[in-house]
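Asks: Sequence:
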Amino acid sequence: MTPDIIIYNGALMTFDDAQPNAEALAISAGRITAVGSTAAITPLAGPETRMIDAAGATVLPGFIDSHVHLFGGSVELSCLSLYGVYGLEAMAEAIRPYAAATPEEELVFCVMCDYGILGTGKTPTRHDLDYILPDRALAMFAPDHHTVWANTAALKAAGLLQGGEVDAGSEIVMGADGLASGELLEPGAYSPVLALTRHGGREMMGLTTGKDPVPPATAAQREMDKDVIVKGLAHCAAQGITGLHLMDGNTYQLELLSELEAEGRLLCRCNVPFHFKGTDPLERMAAEAPEMRARFQSDMVRCAHVKMFIDGVIESGTALMLEPYPGEMGAGGNTGDEVFTQEHLVAACVEADRLGFQIAIHAIGDAGIRRTIDAYEAALKANGKRDSRHRIEHLEVMHPEDIPRLAELDIVASIQPGHAPMGHIFPPDGVGKYLHDHQIAGAYAWQDIRETGAKVIFSTDWPVIPVDVMPNIKAAIAPLDLGEHWRDQSQSLSDTLESYTKGNAWAEFCEDVKGQLKVGMMADVAVMSHELTALPPGGITQAAACVTVCNGKITFERALSA
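Take the sequence shown: its position 276, counted from the start at 1, is 276 in the numbering used here, and no numbers get skipped.
Treat the hints loosely; a few may be bogus.
What the hints assert, rightly or not - Pairs of lysine to any residue, SDA-like flavour, derived with a Cα cap of 25 Å:
hint: 1; residue 1: Lys433; residue 2: Asp448
hint: 2; residue 1: Lys211; residue 2: Lys122
hint: 3; residue 1: Lys381; residue 2: Pro404
hint: 4; residue 1: Lys156; residue 2: Pro213
hint: 5; residue 1: Lys226; residue 2: Ala176
hint: 6; residue 1: Lys231; residue 2: Asp299
hint: 7; residue 1: Lys553; residue 2: Arg302
hint: 8; residue 1: Lys231; residue 2: Pro466
hint: 9; residue 1: Lys433; residue 2: Ala478
hint: 10; residue 1: Lys381; residue 2: Ala217
hint: 11; residue 1: Lys553; residue 2: Ala55
hint: 12; residue 1: Lys518; residue 2: Asp53
hint: 13; residue 1: Lys518; residue 2: Ser494
hint: 14; residue 1: Lys231; residue 2: Glu261
hint: 15; residue 1: Lys122; residue 2: Lys381
hint: 16; residue 1: Lys231; residue 2: Pro213
hint: 17; residue 1: Lys211; residue 2: Ala287
Claimed, not checked - Using C-beta positions, here's what the derived DEER-type ranges look like:
hint: 18; residue 1: Glu511; residue 2: Glu328; range: 44 to 50 Å
hint: 19; residue 1: Glu343; residue 2: Glu291; range: 23 to 29 Å
hint: 20; residue 1: Ala176; residue 2: Pro404; range: 45 to 51 Å
hint: 21; residue 1: Pro404; residue 2: Thr218; range: 50 to 56 Å
hint: 22; residue 1: Ala45; residue 2: Glu408; range: 48 to 54 Å
hint: 23; residue 1: Leu282; residue 2: Lys122; range: 38 to 44 Å
hint: 24; residue 1: Thr541; residue 2: Pro400; range: 28 to 34 Å
hint: 25; residue 1: Pro103; residue 2: Ala45; range: 53 to 59 Å
hint: 26; residue 1: Gln542; residue 2: Glu328; range: 41 to 47 Å
Honestly, the hints are just simulated from the structure, not real lab data.
Positions of the beta carbon are idealized from the N, C-alpha and C atoms, including for glycine.
Whenever a hint applies, use it, and build me the whole structure from the sequences.
Replies: Encoded structure:
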């Protein structure tokens, strides 16, 4: 078969042990049909073959981001980012012109608002936001998406000014005046505010409720939602990404992605979970999850895992810890907020495992991680051993005694290097001040985890941080030195790239069809601008994707550097 595409003159990193390096490859009908030298591959070309000269740059399997929120990330590309903005006046200078330029928006919505935007120990209140926009609804999302700050108009519009009932683990923080202070912790508290966005909160519904929009989206709303997702997919393809593991899911998103696939507009493969909440009855799992899985099983859109949360995040004091937080955050013995009771979490894990699902659980605090490991162990004992590849998402602060348990129980460590304080993206002093010194030994312990033999995979959790691949790789291979108490957890470039390609393909049970440049594999390929191994770790962000091929089709292209 004459190749559709030939990529040649490249420094191929194949991740195929039988042929780890090569110069060229050929693609026909969505599959890799030849890998070898430029001299051997280029004569295979026909008159219609697209020839791509890699010019000595790295060519590798397409990147797979194994933890994203595609719909939300796509929407937030057009929201006002407050990244790097600090101080009330600077906030006003950024927000007021944006608000004036978007008069049609019911809610002025900002993202990437740092917890310390008003300085250490100062939490934004509705009164602060009222100063910026007194007569129009305004809200700001924290980067980790676990906290929203809203002004009085937004709280009134959402029906939250007087407080209200919320899910376990969520909180409408109340002020001394008996009214909501403006700080809303976790989805159970802030969902009514998100309902005011231009997409009516549908972009986060798979995360906040795990269920479909009620009332159902109109035809016009569906088209608007699909169009914004396409923009997000194009943004991912521009990073060299060919696959995404979504960590929020409902039937609505799966339907939109399937429609995009049918329309030829789906630029990345998407794995979408069944989202199970701590407030859901156990019966919902068997009643809904298998049907959702059975409906969506194409090469491009697939449902195969269950997503749950056990805790929140450290910066808001909602991550579950084994001991109270230091300082004011630990007042009253605060050890974080329980999203699941342990009994319910164990029952949910046993049931999901019994149904043959892979499980992915958000766990950030040392107690949350321990509870998750315990729940996976309980599922193994209840159902017997199988190739489950259950995952823990984030694993930011572990008790050192729990680190070896990951490998012992075959638990996958799903890590986002750019989240760490040494990752060049968030303030380097951001997390450490919320931990006791002795807890730092198990914080962001990437290499310690890897050395136990546990499987380590990498992702971004977009839009918590940008979906951009190379800054996240830099976070892994060239982390900042945070000094005393913080051990070097630097990753090698080869391990990092494997965790972003072949490892992530393995994590979705697709190691036999993707994640390697090998004959017979799906044609998912990234051609970079530089030879990655020739760049210093700190300079890795000089490189970028120049050509992205997904399913044998070019999904992104720009001129390669000379």
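Asks: Run every hint past the structure and note whether it holds.
Replies: Now the hints, each set against the structure:
no.: 1; hint: Lys433 x Asp448; result: holds, 22 Å
no.: 2; hint: Lys211 x Lys122; result: violated, 35 Å
no.: 3; hint: Lys381 x Pro404; result: holds, 18 Å
no.: 4; hint: Lys156 x Pro213; result: holds, 22 Å
no.: 5; hint: Lys226 x Ala176; result: violated, 43 Å
no.: 6; hint: Lys231 x Asp299; result: holds, 21 Å
no.: 7; hint: Lys553 x Arg302; result: holds, 19 Å
no.: 8; hint: Lys231 x Pro466; result: holds, 14 Å
no.: 9; hint: Lys433 x Ala478; result: holds, 22 Å
no.: 10; hint: Lys381 x Ala217; result: violated, 42 Å
no.: 11; hint: Lys553 x Ala55; result: holds, 20 Å
no.: 12; hint: Lys518 x Asp53; result: holds, 19 Å
no.: 13; hint: Lys518 x Ser494; result: holds, 18 Å
no.: 14; hint: Lys231 x Glu261; result: holds, 14 Å
no.: 15; hint: Lys122 x Lys381; result: violated, 47 Å
no.: 16; hint: Lys231 x Pro213; result: holds, 21 Å
no.: 17; hint: Lys211 x Ala287; result: holds, 13 Å
no.: 18; hint: Glu511 x Glu328: 44 to 50 Å; result: holds, 47 Å
no.: 19; hint: Glu343 x Glu291: 23 to 29 Å; result: holds, 26 Å
no.: 20; hint: Ala176 x Pro404: 45 to 51 Å; result: holds, 47 Å
no.: 21; hint: Pro404 x Thr218: 50 to 56 Å; result: holds, 52 Å
no.: 22; hint: Ala45 x Glu408: 48 to 54 Å; result: holds, 51 Å
no.: 23; hint: Leu282 x Lys122: 38 to 44 Å; result: holds, 42 Å
no.: 24; hint: Thr541 x Pro400: 28 to 34 Å; result: holds, 32 Å
no.: 25; hint: Pro103 x Ala45: 53 to 59 Å; result: holds, 55 Å
no.: 26; hint: Gln542 x Glu328: 41 to 47 Å; result: holds, 42 Å
Going down the numbered hints, you'll see the structure goes against 2, 5, 10 and 15, while the others check out.
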